[in-house]
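Could you slot chain U onto chain L? The hints should help.
Number of protein chains: 2
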Amino acid sequence: MSPLIDELIKALRVLPGIGPKSAQRCALYLLERQREGGLRLAKALEQAMREVKHCSHCHNLTEQALCSICRDTTRDASLLCVVGTPLDVIAVENSGSYRGYYFVLQGHLSPLDGLGPDEIGIPLLLERLRTGQVRELILATHSTLEGEMTAHYLVDAVSGKGVNVSRLAQGVPMGGELEFLDSRTLAHALQSRTFVPPSAV
Amino acid sequence: MSPLIDELIKALRVLPGIGPKSAQRCALYLLERQREGGLRLAKALEQAMREVKHCSHCHNLTEQALCSICRDTTRDASLLCVVGTPLDVIAVENSGSYRGYYFVLQGHLSPLDGLGPDEIGIPLLLERLRTGQVRELILATHSTLEGEMTAHYLVDAVSGKGVNVSRLAQGVPMGGELEFLDSRTLAHALQSRTFVPPSAV
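Those sequence lines, one after another, are chains L and U.
Per the numbering used here, the very first residue in the first sequence carries number 264; after that it's consecutive.
Per the numbering used here, the very first residue in the second sequence carries number 264; after that it's consecutive.
Isolated chain L (complex conformation) (with noise of 0.2 Å):
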């Protein structure tokens, strides 16, 4: 093709998930059907990739000192649900059931790949606990090797600083069909089996 259209074909290629034949595609398509969309696109990456940094209480993404959750004071303080990226804050969001304040870890620890403490952030966060106005702290790590490791740093970091460490509790997801479940859940999920009271059976 030409330069430009060249170019724009791989820089598109930066996008998780798009391949060689997906780029031509994304890029064909702008050019002929979606100009104002694809100038849409390029002005918001623009401001985006300049603007949004890191809000100063919580670490999550923003292009203001606080994000939204830390400025909203109507959320209950005793409460902070520590994550390994803003994505897991959306996703705990749109659980729908949660009103506390978040922790956002930049990623999990993964020594191998030079991340410990530092560098994922769990200095800011004892910081934060300092303050003594969590009284619980919700692990919601991913449930990896690297979230495990992490949560269970966390557990021996905070032990003995009064605040209550809990984690999500792991098991048959909803609408889970049994057999296409791993074992090491299903194996979780019988050892962590929770009885069910007579009057609801």
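Quick caveat, the hints were computed from the structure, so don't treat them as lab data.
Watch out, some of these pointers could steer you wrong.
Any copy, or any two copies together, can satisfy a pair, since identical chains are not distinguished.
To be verified - Simulated crosslink set (SDA-like; lysine to any residue; CA at most 25 Å straight-line): (1) K306 / P283; (2) K316 / L350; (3) K316 / Q327; (4) K273 / V355; (5) K424 / R338; (6) K284 / H317; (7) K284 / R313; (8) K316 / S265; (9) K273 / K284; (10) K273 / N357; (11) K424 / L342; (12) K284 / E356; (13) K316 / Q297; (14) K306 / K316.
This is chain U only, laid out in the frame that chain L set:
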């Protein structure tokens, strides 16, 4: 999220195949890991959307007056391949077995969508044939209802003008297994079977 991030997620949805979840994932991936790639994409989009036009000769996409293929004087000017979109030019070029020129229609005939001969640029193609340079018009429109209709229309429009018209061969794709082939293609491949000369047996 914040206004800028929300706008970025919305703007990303202009890309084909990007739904709400992928747009979220793309936006946060760029913000957290690829600010430079995001800025490069913004610039490439902006430039391409503003500067890419159509080649005055073949109607392919290019930012120059003539596209690189039309500028290439080493090609065979007696061959003209008609395709429905710029993506098809790339596909034919990638086959590595064509050294003629192209004419890019703006889609295929589709009366229900209001796409008649004028809308897809057929008058420009007929104009081009009037120079008398083209000896063979290769129809490489899609093998869909609209593509076939476009091909038939062109056969009629060109008849009696001293131009040979050919059509891409249809049949079993290379590496194709018969059990996965649709029955129309298989019926056509049977009808159009070619005899193998004895020496090749």
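Here's how the hints hold up against the structure:
Taking the closest pair of Cα atoms, K306 and P283 come within 25 Å of each other both inside a single copy (24 Å) and across two copies (19 Å). In this assembly of identical chains, the alpha carbons of K316 and L350 lie at most 25 Å apart only when taken from the same copy (15 Å versus 38 Å across copies). When the C-alpha separation of K316 and Q327 is checked against a cutoff of 25 Å, the pair qualifies only within one copy, where the shortest distance is 7 Å, while the shortest distance between copies is 39 Å. Taking CA atoms no more than 25 Å apart as the test, K273 paired with V355 passes between copies only; the shortest distance there is 20 Å, against 34 Å inside one copy.
In the homo-oligomer, the alpha carbons of K424 and R338 lie at most 25 Å apart inside one protomer (23 Å), although the nearest pairing across protomers, at 78 Å, exceeds that limit. Taking the shortest alpha-carbon separations for K284 and H317, only the inter-copy value of 22 Å comes in at or below 25 Å, while the best intra-copy value is 34 Å. Proximity of K284 and R313 under a CA criterion of 25 Å is satisfied inter-copy only: 23 Å between copies versus 29 Å inside one chain copy. Only between protomers do K316 and S265 lie at most 25 Å apart by alpha-carbon distance; the minimum there is 11 Å, versus 35 Å within a single protomer.
For a Cα distance limit of 25 Å, the shortest separation of K273 from K284 qualifies both inside one copy, at 11 Å, and across copies, at 23 Å. Taking identical chains as interchangeable, the C-alpha atoms of K273 and N357 lie at most 25 Å apart only when they sit on different chains, with a minimum of 17 Å there against 34 Å within one chain. Taking the closest pair of Cα atoms, K424 and L342 come within 25 Å of each other only inside a single copy of the chain (15 Å); across copies the shortest separation is 81 Å, beyond that limit. Taking the shortest alpha-carbon separations for K284 and E356, only the inter-copy value of 14 Å comes in at or below 25 Å, while the best intra-copy value is 35 Å.
Within a single copy, K316 and Q297 get their C-alpha atoms only as close as 30 Å, which misses the 25 Å cut-off; across copies the closest is 13 Å, which meets it. For the homomeric pair K306 and K316, the shortest alpha-carbon distances inside one copy (17 Å) and between copies (20 Å) are both at most 25 Å.
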